[in-house]
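Take these sequences, add in the hints, and give me the full structure.
Chains as they are written, first to last, in my numbering: chain A, 1 to 114; chain B, 1001 to 1107.
Calculated from the structure, these hints are not laboratory results. By construction, the Cβ of each residue, glycine as well, lies at the ideal position given by its N, Cα and C atoms.
Taking lysine-lysine and the PhoX-like style, the derived pairs with C-alpha atoms no more than 25 Å apart in a straight line are: (1) B/1001 / A/57; (2) B/1106 / B/1042; (3) A/57 / B/1042.
Pulled from the structure, derived: some chain A residues nowhere near chain B, Cβ distances all over 10 Å: (4) 8; (5) 62; (6) 79.
Where chain B lies over chain A, by a calculated footprint (3+ residues, C-beta under 8 Å): (7) 45-59; (8) 101-114.
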Amino acid sequence: KAGVTQTPRYLIKTRGQQVTLSCSPISGHRSVSWYQQTPGQGLQFLFEYFSETQRNKGNFPGRFSGRQFSNSRSEMNVSTLELGDSALYLCASSLRLNSNQPQHFGDGTRLSIL
Amino acid sequence: KQEVTQIPAALSVPEGENLVLNCSFTDSAIYNLQWFRQDPGKGLTSLLLIQSSQREQTSGRLNASLDKSSGRSTLYIAASQPGDSATYLCAVGKLIFGQGTELSVKP
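Next up, the structure:
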């Protein structure tokens, strides 16, 4: 069974640009969550999608958005990039919303802002 | 507001030692608690998931316990190996993660 796949693995952007990251969950998993990981703040929850609807949202500005497609694949978009957006962005999938099944993570997209 | 703390931030032990990693949380009304390991440059690998109604879970050399009343969970690693070297994170539900404990097991 394939794991969670995130693309691309690495991205370099400049301030002011926008970026789209992609996440394909484990087959059959319908919940997808996104996280930002930085050395200073650690792992912070961005949002969770289930059945193409955002169900939970962390404390991030509106520049961070996402969506989920009918096949459960998810994309995350960051507009007007800032230097502080440099981070490892991780996606995790689980079977259901509020599931008592474990979350499974992808290897992340490392975003660097110049 | 739920806060999750992991102590120590870093730990170095010789191979073969048994060790305990700690995770504390401020709000006992949790749904579940999950322990992960993260290798450098990689995502998180799920180790153990403890439901709120459970007291412990075991997988091989790993044992995780949960005490909701005291707001604490521990991850016990028996007979540590160099391959156990990684950062270990605990998470309450899907939303709140600790900062992790960086474990180094010396041969």
